[in-house]
Amino acid sequence: MQIVREQDVVPFRNRVKEFATKIGMSLVNQTKLITAASELVRNMLKYANGGKILLEIISKNAQTGVRLTFIDEGPGITDIKQAMQDGFSTGKSLGLGLPGAKRLVNEFDLKSKPGEGTTVTVTHWKNGR
Amino acid sequence: MDRIPILKMGQFLLVTIQVDLYDRLALNLENDLINMVSKTGARGVLIDISAVSIVDSFMGRILGNIASMSRIMDAETVVVGMQPAVAITLVELGLTLQGVYTALDVEKGMELLHDKIGTIEHPEDEEEEAPHDDID
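Residue numbers (this note's numbering), protein chains in the order written: chain Y, 1218 to 1346; chain A, 495 to 630.
Chain Y extracted, bound-state conformation:
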């Protein structure tokens, strides 16, 4: 899914909800996943002027989950450790986006090269574990 402007966020959230509903994820886990997705898509728009998001339903060890991959070609993150700290923000926000999103999902992976872009992959399992 391409994200280029703010209005794309609501349809994207709805798609995530569709995927989560399809595998029978509970409401609380759906809400966590969608909220995390919402934080990450905002970062993507704000710092990289948008990008691509891949939505997948995955299975591992008899577990089903939703995996979202956020790919942008923005400025990248110079200090990932710092970016993952609560309250750190280079913009004018609360600085909860990245660390908060990480807390909300089961698996979180961030790869970034300054000048080339950032890829964030999050996975949330059906039972939230």
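Worth flagging that the hints you see were computed from the coordinates, not collected in a lab. Hints should not be assumed to be uniformly reliable.
Said to hold, decoys possible - Quick partial rundown of chain Y residues pointing at chain A, CB under 10 Å, derived from the structure:
{"no.": "1", "residue": "Arg1230"}
{"no.": "2", "residue": "Ser1243"}
{"no.": "3", "residue": "Leu1244"}
{"no.": "4", "residue": "Asn1246"}
{"no.": "5", "residue": "Thr1248"}
{"no.": "6", "residue": "Ile1251"}
{"no.": "7", "residue": "Leu1262"}
{"no.": "8", "residue": "Leu1313"}
{"no.": "9", "residue": "Pro1316"}
{"no.": "10", "residue": "Gly1317"}
{"no.": "11", "residue": "Ala1318"}
Here a beta-carbon is modelled for each residue, glycine too, at the ideal position from N, C-alpha and C.
We have chain Y; now place chain A onto it with these hints.
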């Protein structure tokens, strides 16, 4: 441009958020509400989020902003109707909505607002609470 309607009821302003908010819409609401508080001299703002399925850090910040701004304008803000899943998610996200009053539903929210600005007299409560034994 899309806007969320604000209703005036007595000395309070009522907002029911019925759509999924994108950032621009939330910012407009913040702006409109503060202008309305100033224009109408409202003493309280009640925001019903019972139809909102997602509150992320941005939306949380907007709610906090509305509360702080209206307080400076002499109005209290109560957020009502938060879904349990939203509350769980907010706390895990790290957002505790400090400084924002909350109530379970619109009715309790209204009571809280009346309490805050002191428009309801509680003769019974006062009688019950009046004979305070000092416990040291």
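Right, here's what the structure says about each hint:
no.: 1; hint: Arg1230; result: holds (6 Å)
no.: 2; hint: Ser1243; result: holds (9 Å)
no.: 3; hint: Leu1244; result: holds (5 Å)
no.: 4; hint: Asn1246; result: holds (9 Å)
no.: 5; hint: Thr1248; result: holds (4 Å)
no.: 6; hint: Ile1251; result: holds (5 Å)
no.: 7; hint: Leu1262; result: holds (9 Å)
no.: 8; hint: Leu1313; result: holds (4 Å)
no.: 9; hint: Pro1316; result: holds (7 Å)
no.: 10; hint: Gly1317; result: holds (4 Å)
no.: 11; hint: Ala1318; result: holds (8 Å)
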